[in-house]
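Residue numbers (this note's numbering): -8 to 215.
Hints may contain errors.
[Unchecked claim] Derived lysine to aspartate or glutamate pairs resembling DMTMM-like cross-links, with alpha carbons at most 25 angstroms apart: (1) K125 with D107; (2) K194 with E180; (3) K194 with D46.
Read the hints as simulated data drawn from the structure, not as lab findings. These numbers come from a predicted model, not from an experiment.
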Amino acid sequence: MCCLVSGTYLAFGTAPPRTVQRQSTLLRPVIRSSVSTLLLFAGPIAEACHLGTFDTPESTFLLWRNYVICPIGEELFYRGVLFSLLHRRSSAARIFVSAFLFSLSHIHHLVSMACDAYRNCEDKGVAGNDRDEKERACWRSAGHAMCGIFVFTALFGLLSGYYYEHVCERSIIAIAAAHALCNAIGPPEFTVLRSRHFTAREKVASAAIYVAGIVGWAWTLLRY
-8 MCCLVSGTYL AFGTAPPRTV QRQSTLLRPV IRSSVSTLLL FAGPIAEACH
42 LGTFDTPEST FLLWRNYVIC PIGEELFYRG VLFSLLHRRS SAARIFVSAF
92 LFSLSHIHHL VSMACDAYRN CEDKGVAGND RDEKERACWR SAGHAMCGIF
142 VFTALFGLLS GYYYEHVCER SIIAIAAAHA LCNAIGPPEF TVLRSRHFTA
192 REKVASAAIY VAGIVGWAWT LLRY
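Let the sequences and hints guide you as you build the complete structure.
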């Protein structure tokens, strides 16, 4: 529904179109956004390959939701529609507003995380007869996790907004491709750098890949 409504608005909306200098076909912004995203997340990708921690959706529905429906629907609304509605504002204002609303839209995860924490307590037979105290502990745990999600989604929203404005040439397909890649890779966890179970050589190699990826990402955006 979000895809349909947002797409209809962008196709028939009354907001004046912004002039975007397109220097290429549709393929160039898709390649540019995808390659730059892979470079930016070179550290997490290398870490996941080293640890064998790549997660795959448990069902076909989740695969379509995570890598097709959500990237297209969210980018249509939070970048396409919102940027069109805020066309009179500065580029920075559009990026920050869309990033904040995008991050805020994930607040519903708080309830599911609190419920999961409570079920885990029940399954593990956690001691304690005070149900109210157990519920409060679950909400606190979910709240702490939600803070991390809020920060990461806000940062991702800023990245997507910048990409949409300056990298993807306002192509929904290009920014949705980058979004799908980010969903597949996930947030950086710095497992090798934080854990005591890895050697100094592994930590140095991991840090070098993170830094090289960021440098390559910046160079790609400036060069191409």
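Hints, verified against the model:
1. Restraint check: the Cα-Cα separation between K125 and D107 comes to about 13 angstroms, which is no more than 25 angstroms; the hinted pair holds.
2. With a C-alpha separation of about 13 angstroms, the suggested pair K194 and E180 falls inside the 25 angstroms cut-off, and the hint holds.
3. The hinted pair formed by K194 and D46 meets the criterion: a straight-line CA distance of about 23 angstroms does not exceed 25 angstroms.
The structure meets every hint from the earlier list without exception.
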